[in-house]
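Enquirer: Chains as they are written, first to last, in my numbering: chain A, 1 to 131; chain B, 1 to 80.
Be aware that one or more of the hints could be misleading.
From the structure, some residues in chain A lie toward chain B, with a derived Cβ separation under 10 Å [claimed, not checked]:
id: 1; residue: A49
id: 2; residue: E52
id: 3; residue: E57
id: 4; residue: H78
id: 5; residue: G81
id: 6; residue: V110
id: 7; residue: D111
id: 8; residue: V113
id: 9; residue: K114
id: 10; residue: K115
id: 11; residue: V117
id: 12; residue: P118
id: 13; residue: I119
id: 14; residue: Y125
id: 15; residue: D128
Read the hints as simulated data drawn from the structure, not as lab findings.
For each residue, glycine too, the CB sits at the ideal point set by N, CA and C.
Chain by chain, the residues run as shown.
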Amino acid sequence: MVGLTKEVLNIDSLIQNLKNSNAGSIVIFLGEPRRSEEDGPVVLINYSAYEEMALIELKKIELEALKRNGIIDVIIIHRIGNVPLTELSFFVGVSSAHREEGFQACSFIVDEVKKKVPIWKEMRYERDRSC
Amino acid sequence: MKIRILFFAEAKRAVGLEEADLDFNGVNISDLKEVLKEQFPSINDILESSAFAVNKEYAGPITLLKDGDTVAVIPPVEGG
């Protein structure tokens, strides 16, 4: 499953979706907005996307991951819109027969999303809020 | 031929448009890039670091264009 959402990520529900009696491992990566940036303190990140193409690229990455040995299920969800520092921006979950292929697939997915999926971020700083 | 151009992120901010329709007499993405540089000088630098997509698929400089194609200017992506 892949998706883009403006809603807060429900991690418990996503993990429930990854649970599978054939799996011995669920590996999760969570991305979150970072406070310190060179230009000053960030209060939130606005994510924008070429949504139709982003979903196509996410699906390709999901299918590539699912071709790997031992991978049972994959979930990739990215937030769009405003994401405050208190919330998560990115979820990757992989269920697999064994942990090692799960770690590798999760790392592969994160790298591929960062390289290929047309999503952009725009930092919003504390100084913008005070203007 | 008519080509629809989509601008995203810093390209959109630099041009001040989300999309534009062009009458294009070239052949491929490389030709289109030159036309975009002439028509939207504010994104010259951005075009050098951007990728392109034709009808939602990444495309290289020699990808051929046809009437009615939609070409997206894709600045370096920043998801994750």
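Enquirer: A separate judgement is required for each hint: does it hold in the structure or not?
Expert: Hints, one by one, checked against the model:
1. A49: Holds: closest Cβ of chain B sits about 8 Å from A49 (chain A), inside 10 Å.
2. E52: holds, 6 Å
3. E57: holds, 8 Å
4. H78: holds, 6 Å
5. G81: violated, 13 Å
6. V110: holds, 6 Å
7. D111: Status holds, d = 9 Å.
8. V113: holds, 5 Å
9. K114: This interface hint holds because 4 Å falls under the 10 Å limit.
10. K115: Holds: closest Cβ of chain B sits about 7 Å from K115 (chain A), inside 10 Å.
11. V117: Interface hint status for V117 (chain A): holds (5 Å vs cutoff 10 Å).
12. P118: holds, 5 Å
13. I119: holds, 3 Å
14. Y125: violated, 16 Å
15. D128: Interface hint status for D128 (chain A): violated (15 Å vs cutoff 10 Å).
The earlier numbered hints that this structure contradicts are 5, 14 and 15.
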